[in-house]
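Undergrad: Protein chains in written order, with my numbering: chain A, 934 to 1180; chain B, 310 to 636.
Bear in mind the hints are in silico, worked out from the structure with no lab data behind them. Quick caveat: nothing in here was measured; it's all calculated off a predicted structure. Heads up, some of the hints might be wrong.
[As the list claims (entries may be wrong)] Rough simulated footprint, nothing fancy, chain A against chain B, three-plus residues with beta-carbon under 8 Å: (1) 373-382; (2) 572-585; (3) 598-610.
Positions of the beta carbon are idealized from the N, C-alpha and C atoms, including for glycine.
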Amino acid sequence: MSGTGGPGSPGGPGESRVLPAGPHALLVELPDGEHAEAFHAELLRRRERGELPAVRDIVPAARTVLLDGIAERTPGSRARDRLARELASWRVEPLRREDREAVEVPVIYDGPDLDEVARLWGVGADEVAALHSRTAFRVAFCGFAPGFGYLTGLPERLHVPRRTTPRTRVRAGAVALAGPYTGVYPRPSPGGWQLVGRMPDPEVLWDPGRDPAALLVPGTPVRFVPVEAGAAAALPAPRAGDIRADM
Amino acid sequence: MPDGHVVPGGHVMPGGHVVPDGHVVLDAGRRLPVIRPGAPARHCLHVVRPGALTTVQDAGRPGLAHLGVGRAGALDAPAARLANRLVGNPPDAAVLETTLTGCAVRPDRPVVAVVGGAGCRVTVDGRPVAWGAPVRVPAGAVLDAGPAGTGLRSYLAFAGGLVPDPVLGSRSADLLSGLGPAPLTEGVELPLGEAVSGGPLPAAGPVPWPGAPAELVLPVHPGPRDDWFTGAALRTLLTAAYRVSPHSNRIGLRTEGPALERSRTDELPSEGTVLGAIQVPPDGRPVVFLNDRPTTGGYPVIGVVPERALAAAAQAVPGTRLRFVRA
Chain A
934 MSGTGGPGSP
944 GGPGESRVLP
954 AGPHALLVEL
964 PDGEHAEAFH
974 AELLRRRERG
984 ELPAVRDIVP
994 AARTVLLDGI
1004 AERTPGSRAR
1014 DRLARELASW
1024 RVEPLRREDR
1034 EAVEVPVIYD
1044 GPDLDEVARL
1054 WGVGADEVAA
1064 LHSRTAFRVA
1074 FCGFAPGFGY
1084 LTGLPERLHV
1094 PRRTTPRTRV
1104 RAGAVALAGP
1114 YTGVYPRPSP
1124 GGWQLVGRMP
1134 DPEVLWDPGR
1144 DPAALLVPGT
1154 PVRFVPVEAG
1164 AAAALPAPRA
1174 GDIRADM
Chain B
310 MPDGHVVPGG
320 HVMPGGHVVP
330 DGHVVLDAGR
340 RLPVIRPGAP
350 ARHCLHVVRP
360 GALTTVQDAG
370 RPGLAHLGVG
380 RAGALDAPAA
390 RLANRLVGNP
400 PDAAVLETTL
410 TGCAVRPDRP
420 VVAVVGGAGC
430 RVTVDGRPVA
440 WGAPVRVPAG
450 AVLDAGPAGT
460 GLRSYLAFAG
470 GLVPDPVLGS
480 RSADLLSGLG
490 PAPLTEGVEL
500 PLGEAVSGGP
510 LPAAGPVPWP
520 GAPAELVLPV
530 HPGPRDDWFT
540 GAALRTLLTA
550 AYRVSPHSNR
560 IGLRTEGPAL
570 ERSRTDELPS
580 EGTVLGAIQV
590 PPDGRPVVFL
600 NDRPTTGGYP
610 VIGVVPERAL
620 AAAAQAVPGT
630 RLRFVRA
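Just chain A, with the same shape it has in the complex (with noise of 0.2 Å):
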């Protein structure tokens, strides 16, 4: 049941394919992942509207976009496939970036891999923060953690790729790059990505006690804003290179 043709294929047909995911769930495969966060946020607009079957879960990634539990209750697949003839009929409109007041994110910008980003990205350390701060980011998707999410915006040229060798813990509210992303570590956790700065507070990012529990809900605007050590108040100045993680 590959479609042809099909979701936010304005640059053609073929690029976008309808596939099954058991019977009761369909991923849509988008040509990138501009298409994908496109296509997302079109499911999002329809669901808002009322103009979605009941589906339990919608899940952007890279350049996917899951949707699980049609019909769950009712046996048999016809639901799901009624779905995926009318996904591949959709006009999808181009992603708007700037529909919403980004959330800003304090960065303290002294990680221990802002020298070796710094190299990558032929720049001075001191032009890091100003190249990654003026970006306009967007929370792509969320996955790794409860509450990591996957930041788009920085062009390929700023892309990184991971550590060779990961670390095995990363303070929560280290702000890291690795390929076409940034992310914020909600929690103290193994990572291979290049740390460039923590945030002063990470506990906003995950708070289950809070609707939405995540602070970066896929599709957010995001902005990092630069602060200095001293301003975030009390906090304990960590070490160079320091990834004896959390406080």
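Fit chain B to the given chain A structure using the hints.
TA: Here is chain B on its own, set in the frame of chain A:
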């Protein structure tokens, strides 16, 4: 804690806050009980013997995959629901889920309990009592669910349910993300909800507890990434003899058997996964995703086992013969 009050389903809305006894204080100072079985908890279960891995589970956290939060919840959901029904609870009340070696607990009030799911010897203060049917446990007595004789995971339901603080609307432990109550350890106390009545034991009658599978047969819907594998790989999956690997856990049922060969070797960008997805890691041995699965994954999914078939997978002990068949 942010301002907000908890409503059924666990959403926090502006305008009130939760206090430690589980009540909600609205801005005006009016108190409302949180709607949940047996709240507020005044009694508890003491953990006497935690067993290899015993967790609190309910119906889990569906609908939060976009935040990176998985389903969790009882792996053998029909068994958990049946155990709840037999003690007079709502079907999604929180129960204990054991792994192979059972567990023992001591309630500090009299409680009606059911041990179901995997078959095991059940005792109260050392005296044998019924498995799979309601039993009375006096205050201070030890309810012991022994090692599983058949199957893998036993479920212990208590009238009134277990009521540790919910996280995102659920009391389930999620071993991948760390959400929910930690796995049981000796000496821990678990809050016990209030039972509705002190009436007669609920009638058990003939109860349809399914036995553990001698051979696990899992139906497969091919896709979404079956085209990342050779034609021979899909035929192998649907014809070969596999066994349940001892490395299986609540995240996935791992398998031993022939490796599945990919037709393309490039990297798959992370994409959303479903419960029951058969993911094929680089070693080629299929893994069936269970309730604590990651919400996104970067290895191709060759097919999907429908959810209703996963209860049997939850009871398949390591070494069980396993066949995948076309759904």
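Undergrad: Take the hints in turn and mark each one as holding or not.
TA: We went through each hint and held it up to the structure:
As drawn, the region 373-382 of chain B meets chain A at 6 residues by the rule of a beta-carbon pair under 8 Å; at three or more, the given contact holds. Evaluation of the coverage hint for the region 572-585 of chain B: fulfilled, as 7 residues show C-beta separations to chain A shorter than 8 Å, against a requirement of three. Restraint check on the region 598-610 of chain B versus chain A: 4 residues with Cβ-Cβ distances below 8 Å, three needed, restraint holds.
Hint compliance for this structure: no hint is broken.
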